[in-house]
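Trainee: Residue strings, one per chain:
Protein chains: 2
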Amino acid sequence: MILEVATLDVKAGQQDDFEVAFKEAESIISSMKGYLSHQLQKCMEVENRYLLLVRWETLEAHTEGFRGSPEYQVWREKLHHFYDPFPEVVHYELISEQTKS
Amino acid sequence: MILEVATLDVKAGQQDDFEVAFKEAESIISSMKGYLSHQLQKCMEVENRYLLLVRWETLEAHTEGFRGSPEYQVWREKLHHFYDPFPEVVHYELISEQTKS
Numbered sequence: 007m008i009l010e011v012a013t014l015d016v017k018a019g020q021q022d023d024f025e026v027a028f029k030e031a032e033s034i035i036s037s038m039k040g041y042l043s044h045q046l047q048k049c050m051e052v053e054n055r056y057l058l059l060v061r062w063e064t065l066e067a068h069t070e071g072f073r074g075s076p077e078y079q080v081w082r083e084k085l086h087h088f089y090d091p092f093p094e095v096v097h098y099e100l101i102s103e104q105t106k107s
Numbered sequence: 007m008i009l010e011v012a013t014l015d016v017k018a019g020q021q022d023d024f025e026v027a028f029k030e031a032e033s034i035i036s037s038m039k040g041y042l043s044h045q046l047q048k049c050m051e052v053e054n055r056y057l058l059l060v061r062w063e064t065l066e067a068h069t070e071g072f073r074g075s076p077e078y079q080v081w082r083e084k085l086h087h088f089y090d091p092f093p094e095v096v097h098y099e100l101i102s103e104q105t106k107s
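Chains as they are written, first to last, in the numbering used here: chain C, 7 to 107; chain U, 7 to 107.
Chain C with its partners taken away, still in its complex shape:
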């Protein structure tokens, strides 16, 4: 399992439209092969900043499966015009975790 992390800076004044568009688009990503779960989070300190966290079974499920799919073209059309600059996307592997007992 890997974690995709994208820091999304949305153009000023477009946050509400972005959140509506994301709600419409999220069924695209959640229907992809190898998708496990995702969260959209909004930053409390930095205006217009969001964090997209997506869990995938493998790195390739994201970088090849999703990005190479026809569905990705729809995702891109719905969401990419909100971002400035275009987001950096990186991937992480879990090292350690705990939950309150």
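Treat the hints with caution; some may be incorrect.
Same chains, same names: a pair is fine if it fits in one copy or spans any two.
Unchecked claim - Restricting the straight-line Cα-Cα distance to at most 25 Å, the calculated cross-link-like pairs of lysine-lysine (DSS-like) are:
| no. | residue 1 | residue 2 |
| --- | --- | --- |
| 1 | LYS17 | LYS29 |
| 2 | LYS106 | LYS29 |
| 3 | LYS39 | LYS106 |
| 4 | LYS84 | LYS48 |
| 5 | LYS106 | LYS84 |
Source of the hints: derived by calculation from the structure; they are not laboratory data.
Starting from the known structure of chain C, arrange chain U on it as the hints suggest.
Mentor: Positioned in the frame of chain C, the structure of chain U alone reads:
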């Protein structure tokens, strides 16, 4: 519930020592009032980069409770010397989430 996000750049060659020290230190954070869960993740693209995700009941549980506690001094002593530069820490609120059905 809020999400604390810290991007941690560990000094070159100190990753193994950092991971051992983190394992020793994580019981400090998980015993704090208002703590819910945490994950340490390691970046697949950027050498020496980690991501610390901590879920807290409230923003103040982190910024006032944990950072103002004696336990924070121990946490800081065990971990902060590994970081260069000193990490930016921000907080996020959940906007939307889905899990594979």
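Trainee: May I ask which of the numbered hints given earlier this structure violates, with the numbers listed in increasing order?
Mentor: Checked against the structure, no hint fails, so every one of them is satisfied.
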